[in-house]
Amino acid sequence: MEKSINIKVKVWRQAGPKVKGMFETYELNNISTDASFLEMIDILNEQLVKEHKEPVAFDHDCREGICGMCSLYINGHPHGPDQEVTTCQLHMRKFHDGQVITIEPWRSRAFPIIKDLMVDRNAYDKIIQAGGYVSVNTGGIPDANAIPIPKPKADEAMDAASCIGCGACAAACKNGSAMLFVAAKVSQLALLPQGQVERAARAKAMVAKMDELGFGNCTNTGACAAECPKSVSLIHIARLNREYLGAKFKD
Amino acid sequence: MWLINSSIGRKFVMSITGLALVLFLLFHGTMNFVAILSPESYNAICHLLGANWYALVATVGLAVLVILHFTFASVLTWQNYKARGKERYSVSESYDEVSFASRNMFVLGVIIIGFMVLHLYNFWFKMQFVEIVHKMGGDFGDISLATDGAYYIRLLFANPVYCVLYLIWLGAIWYHLNHGVWSSLQTLGLSNSVWFKRIKCIGKVVATIVVLLFVSVVVYFGAEAIMNGTTAYVW
Chain C
1 MEKSINIKVK
11 VWRQAGPKVK
21 GMFETYELNN
31 ISTDASFLEM
41 IDILNEQLVK
51 EHKEPVAFDH
61 DCREGICGMC
71 SLYINGHPHG
81 PDQEVTTCQL
91 HMRKFHDGQV
101 ITIEPWRSRA
111 FPIIKDLMVD
121 RNAYDKIIQA
131 GGYVSVNTGG
141 IPDANAIPIP
151 KPKADEAMDA
161 ASCIGCGACA
171 AACKNGSAML
181 FVAAKVSQLA
191 LLPQGQVERA
201 ARAKAMVAKM
211 DELGFGNCTN
221 TGACAAECPK
231 SVSLIHIARL
241 NREYLGAKFK
251 D
Chain V
1 MWLINSSIGR
11 KFVMSITGLA
21 LVLFLLFHGT
31 MNFVAILSPE
41 SYNAICHLLG
51 ANWYALVATV
61 GLAVLVILHF
71 TFASVLTWQN
81 YKARGKERYS
91 VSESYDEVSF
101 ASRNMFVLGV
111 IIIGFMVLHL
121 YNFWFKMQFV
131 EIVHKMGGDF
141 GDISLATDGA
151 YYIRLLFANP
161 VYCVLYLIWL
171 GAIWYHLNHG
181 VWSSLQTLGL
191 SNSVWFKRIK
201 CIGKVVATIV
211 VLLFVSVVVY
221 FGAEAIMNGT
231 TAYVW
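Heads up: the protein sequence lines correspond to chains C and V, in order. Position one of the first sequence corresponds to residue 1 (the numbering used here), numbered consecutively onward. Position one of the second sequence corresponds to residue 1 (the numbering used here), numbered consecutively onward.
Think of the hints as simulated: they come from the structure by calculation, not from any bench. Treat the hints with care, as some may be off.
Unchecked claim - Output of the computed footprint for chain V on chain C, the stretches with three or more beta carbons under 8 Å from beta carbons of chain V:
# : region
1 : 83-92
2 : 95-109
3 : 195-202
4 : 208-215
5 : 237-249
For glycine and all other residues, C-beta sits at the position ideal for the given N, C-alpha and C.
Okay, chain C solo, but in the shape it has when bound (with noise of 0.2 Å):
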């Protein structure tokens, strides 16, 4: 049953990084509830362009909610308000007539802003390139079943493994802590054999750089778990505690 509903956009301009941003309003009329949120913002470029104003920038590559590349921070929600979804997967029916739609980039002091909602995420590489890997030397690939993992292990690596890294856990945090993210990482590698050889190192590593890159302290809110696309649990964060304080005072 389609519908279409007309909406104000709030939507945050910035011309550079070192440029004073502020909002501009546009309006859209007539936008399918069918459509996703991120086909409402071509619409509106497509309005832009037409009118010979610049297009607002903004982040996005496959539209199906894996790739972990979209962002933004839709009326207080980073993705929006609907739990579990990508801004991609997000659908205007979320949205009713008349509404007034606050769309913003990521705030954090490590991730800052390129252009109106594209934000600069090298940070989470950088933490990734500090220990989020494990090493190995070329040979023959190894039969998949010659390193048996229990089924509970497994799975809640691959729990851990489904995060994204679009950066919605440091954009919710009120203390700007990108420990879901960080967590996530070192808990997927803690749980497998394979990550075994370089356990200690890679929290420790992982953790320096995230605290290097000015990420905030982790206060257990529980923000991050509630608006994470993919639903990391809290409970790789304690395990990542558990890793960094054992290699610690092992040392």
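Following the hints, put chain V in place on chain C, whose structure we already have.
Coordinates of chain V only, in the frame set by chain C:
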């Protein structure tokens, strides 16, 4: 030093000092409850905890815990405020999963510390402090009442304003512990998919027990004064 330089290290200090203070509150609450059952026994405990070397060491220990907990909290709050970035969100909402207490731990902490200063003036200043001054050869306050805790409790809660102030204080402590207890266990890594719900429940139970122990004393002596018509506004 990783306890100061790393985020998890700082949280570890918050967690350990916080848990130690909760243990102290459990002891303090239990001791106060004795005042309801038997004021004489309560005074005997007060006597044991006067200006003796072990009580003084414990007092200094508690002061160190409070100072550490508060200093680290201030630094963490400041760092976290900065980590949020210069621009703030113009619209921000949170889901029900994010508790009121967890969002306001520092504010609650400041309220608790503020009332704690009042509380130290109400009791410690008239009891252990008087004894210390007396032992050092000084003359301050009424030494004959210095270990008569039951007297000071009756006197204070005969004032309904103090009853209300203390109940507000205890309310703030309840909220603070509601998040603080489980959060400190989570910081220590004592949580997994099974224990996550359990430690949250343990936190609520501990917070409620601690606060009820204290509330019972306020309510009991406040009500006693009203029933006996001995309400008095002594500051």
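Here is how each hint holds up against the structure:
Check on the region 83-92 of chain C: 1 of its residues sit with their Cβ under 8 Å from a Cβ of chain V, so the three-residue criterion for coverage is violated. Judged by the Cβ-Cβ criterion of 8 Å, the region 95-109 of chain C is covered by chain V as claimed, because 5 of its residues qualify and three suffice. Counting residues of the region 195-202 of chain C whose CB falls under 8 Å from any CB of chain V gives 0; the rule of at least 3 is not met. Given as covered by chain V, the region 208-215 of chain C passes the check, having 5 residues with a CB less than 8 Å from a CB of that chain where 3 are the minimum.
Residues of the region 237-249 of chain C lying with their CB closer than 8 Å to a CB of chain V number 11, which satisfies the three-residue condition for coverage.
The structure fails hints 1, 3 (numbered hints given earlier, in ascending order).
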